[in-house]
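Q: In the order they appear, the protein sequences are chains A and B. So for the first sequence, this note's numbering puts the first residue at 1; every next one is plus one. So for the second sequence, this note's numbering puts the first residue at 1; every next one is plus one.
One should not assume that every hint holds.
For identical chains, the list gives no copy identity; a pair is met inside one copy or between any two copies.
Think about it this way: if two alpha-carbon atoms lie no more than 16 Å apart in a straight line, the pair counts; the simulated EDC-like pairs of lysine to aspartate or glutamate are [said to hold, decoys possible]:
1) Lys273 / Glu182
2) Lys212 / Asp232
3) Lys326 / Asp310
4) Lys185 / Asp277
5) Lys26 / Glu142
6) Lys165 / Asp211
7) Lys326 / Asp95
8) Lys3 / Asp62
9) Lys326 / Asp102
Simulated from the structure, these hints should not be mistaken for lab results.
Number of protein chains: 2
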Amino acid sequence: MDKIRIGIVGYGNLGKSAEIGIRQNKDMELAGIFTRRDPLSINTVTEGVPVYHLDASETMKDKIDVMLLCGGSASDIPEQGPMFAGMFNTVDGYDTHANIPDYFNTINNIALKAGKLCIVSSGWDPGMFSINRLYAEAILPEGNTYTFWGKGVSQGHSDAIRRVKGVLDAKQYTIPKENAIETVKRGLMPELTVREKHLRVCFVVAEEGADKKQIEHDIVTMPNYFSDYDTDVHFITQEELDKEHSGLPHGGVVIRYGKTGLYGENSHTIEYKLQLDSNPNFTANVMLAYARAAYRLNIEGVTGAKTVADIAPAYLSLRSGEEIRKDII
Amino acid sequence: MDKIRIGIVGYGNLGKSAEIGIRQNKDMELAGIFTRRDPLSINTVTEGVPVYHLDASETMKDKIDVMLLCGGSASDIPEQGPMFAGMFNTVDGYDTHANIPDYFNTINNIALKAGKLCIVSSGWDPGMFSINRLYAEAILPEGNTYTFWGKGVSQGHSDAIRRVKGVLDAKQYTIPKENAIETVKRGLMPELTVREKHLRVCFVVAEEGADKKQIEHDIVTMPNYFSDYDTDVHFITQEELDKEHSGLPHGGVVIRYGKTGLYGENSHTIEYKLQLDSNPNFTANVMLAYARAAYRLNIEGVTGAKTVADIAPAYLSLRSGEEIRKDII
Chain A
1 MDKIRIGIVG
11 YGNLGKSAEI
21 GIRQNKDMEL
31 AGIFTRRDPL
41 SINTVTEGVP
51 VYHLDASETM
61 KDKIDVMLLC
71 GGSASDIPEQ
81 GPMFAGMFNT
91 VDGYDTHANI
101 PDYFNTINNI
111 ALKAGKLCIV
121 SSGWDPGMFS
131 INRLYAEAIL
141 PEGNTYTFWG
151 KGVSQGHSDA
161 IRRVKGVLDA
171 KQYTIPKENA
181 IETVKRGLMP
191 ELTVREKHLR
201 VCFVVAEEGA
211 DKKQIEHDIV
221 TMPNYFSDYD
231 TDVHFITQEE
241 LDKEHSGLPH
251 GGVVIRYGKT
261 GLYGENSHTI
271 EYKLQLDSNP
281 NFTANVMLAY
291 ARAAYRLNIE
301 GVTGAKTVAD
311 IAPAYLSLRS
321 GEEIRKDII
Chain B
1 MDKIRIGIVG
11 YGNLGKSAEI
21 GIRQNKDMEL
31 AGIFTRRDPL
41 SINTVTEGVP
51 VYHLDASETM
61 KDKIDVMLLC
71 GGSASDIPEQ
81 GPMFAGMFNT
91 VDGYDTHANI
101 PDYFNTINNI
111 ALKAGKLCIV
121 SSGWDPGMFS
131 INRLYAEAIL
141 PEGNTYTFWG
151 KGVSQGHSDA
161 IRRVKGVLDA
171 KQYTIPKENA
181 IETVKRGLMP
191 ELTVREKHLR
201 VCFVVAEEGA
211 DKKQIEHDIV
221 TMPNYFSDYD
231 TDVHFITQEE
241 LDKEHSGLPH
251 GGVVIRYGKT
261 GLYGENSHTI
271 EYKLQLDSNP
281 NFTANVMLAY
291 ARAAYRLNIE
301 GVTGAKTVAD
311 IAPAYLSLRS
321 GEEIRKDII
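Pulled out of the complex, with its shape left as it was, chain A reads as follows (with noise of 0.2 Å):
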């Protein structure tokens, strides 16, 4: 059987993620690395993988079936999610969700016209979570839904603290407010509030005679990111910070509460819930899974944008219809 041939679009956590998740889905192999870095400049995780320039894609058509686009959703994806959908099959984890319609948009047109398949936002949130929260309400067409993140680290709300002057360094934490889920999970039905779903802790490391007490207030009463939550701040040493919050672990839960019955007089739970040790990790296997569905369907004359919504979950298993009736079902 000839091997899914991956190409990686993006050497960062999550290109690296990619990498090393290839090696556990045994028809896929990587057929190379593309970057806008100096290729010879990378040094692959694991060994023998071919890097190339970004701009030596074009000349690749035929030697990659799908390319995973591994950079941000802030400004490597918006350009290179419509350059390589005229000319591979593409899977995207762009998360950006005012603009997905916009964006899927966009694809969709270059798509369809270069006969390629494109998956757009990926991953699990959007992605796993969405497909979630649509089979839910659909099961269940009176309740509510409800989505909680983490514990886990926010990527952007790091970077948002290491801008703060006097700041050297910073890991923020998601942290889902127990006593909101468990008013979900009873049925009460609430209307949450931002600061009523999701606490998050800061770990600071700041310069040397920095105001400690200027700082905190910087962080606490920053717009969008944090004024509107319950914020903690803890001062810690690099070494600290080096040892105990090196790692990028997330999860969260989708809960859908439903009512059934003449009288609505039946509740019903339905719950999704991911504990994750590497986000990276996790977003890249799931984009890996979707790069499988994107290479069959495109060989059975799909072509254009799909969300995951669009995807029957058996073109993401390396099993057979025969084998998923007999051993899944």
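Here the structure of chain A is known, so what remains is to put chain B in place on it, guided by the hints.
A: Same frame as chain A, now just chain B:
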């Protein structure tokens, strides 16, 4: 907009639940209930519902879009599934696991010839649990999947107890063992026997003067049903049974524990958990969501048998693709 015209075949707990569940789906209407009994003997839960004899269904091929097969898997569905697949799009909850592959092939041949789409083995297990096993395995190829059921009423086991000499009535609860679930979540990837996973608790009403020691012995040693489990037997009065154990709650959890990273150093847990006040209400609601999918796919020209693994999530939702991308992804 034309509503999806749903027919219900079989009017037990599941059929009644479907009748009630349709009212939560504004794009559906109940076209009729079909029964083997005398239609005049049926009192429907809601008013104004036409009730027909099963034999009348063949004259109504153009009046019903999807037939929900709500009979039992032991004898009803194996007979009714093939019969209706030749005339209608259908959704069933066929759950005799060992026979699903053969049943699927039978239905597939008939439905392909008839140009109909038939979704087999929907519900929650098989059904939602199946696709969660599938998704989780595809995302975490290196790991183990565990399914626990309960706390909930097993109707098959309750029926088995009622057949024991000296028993007037009974209810059996399947209860997952918390320490087994904890072992799984801690990542120990245990090999668990059936005895280690679930406890069976029986509430039994005995005939006056019956030998309770003998009844208990007959229950706990019953092959297939109880002999491989730890089983608790409690004798109670009919009044207590009716008052405390009249519901049909159920639920359960699918857990996959897997590892990623170059050396398997990162652990991940995916958990899908259901807590259901009414097993038949919830099962009917899942089947109705798949009825929407069957209707839409057949309009697109898709025919044959499908399982939940073959259906993209978006087909279950009342929302348009645009709405899904804007509000759910």
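Q: All hints, please: hold or fail.
A: Hints, verified against the model:
1. Lys273 / Glu182: Intra 14 Å, inter 15 Å, cutoff 16 Å: intra and inter.
2. Lys212 / Asp232: For Lys212 and Asp232, the Cα distance is within 16 Å only inside one copy (13 Å; across copies 61 Å).
3. Lys326 / Asp310: Classified as between; 14 Å across copies, 24 Å inside a copy.
4. Lys185 / Asp277: For Lys185 and Asp277, the Cα distance is within 16 Å only across copies (13 Å; inside one copy 25 Å).
5. Lys26 / Glu142: Classified as between; 11 Å across copies, 42 Å inside a copy.
6. Lys165 / Asp211: Classified as within: same-chain Cα gap 9 Å, cross-chain 82 Å, threshold 16 Å.
7. Lys326 / Asp95: between (36 Å within a copy, 12 Å between copies)
8. Lys3 / Asp62: Classified as within; 14 Å inside a copy, 47 Å across copies.
9. Lys326 / Asp102: between (41 Å within a copy, 9 Å between copies)
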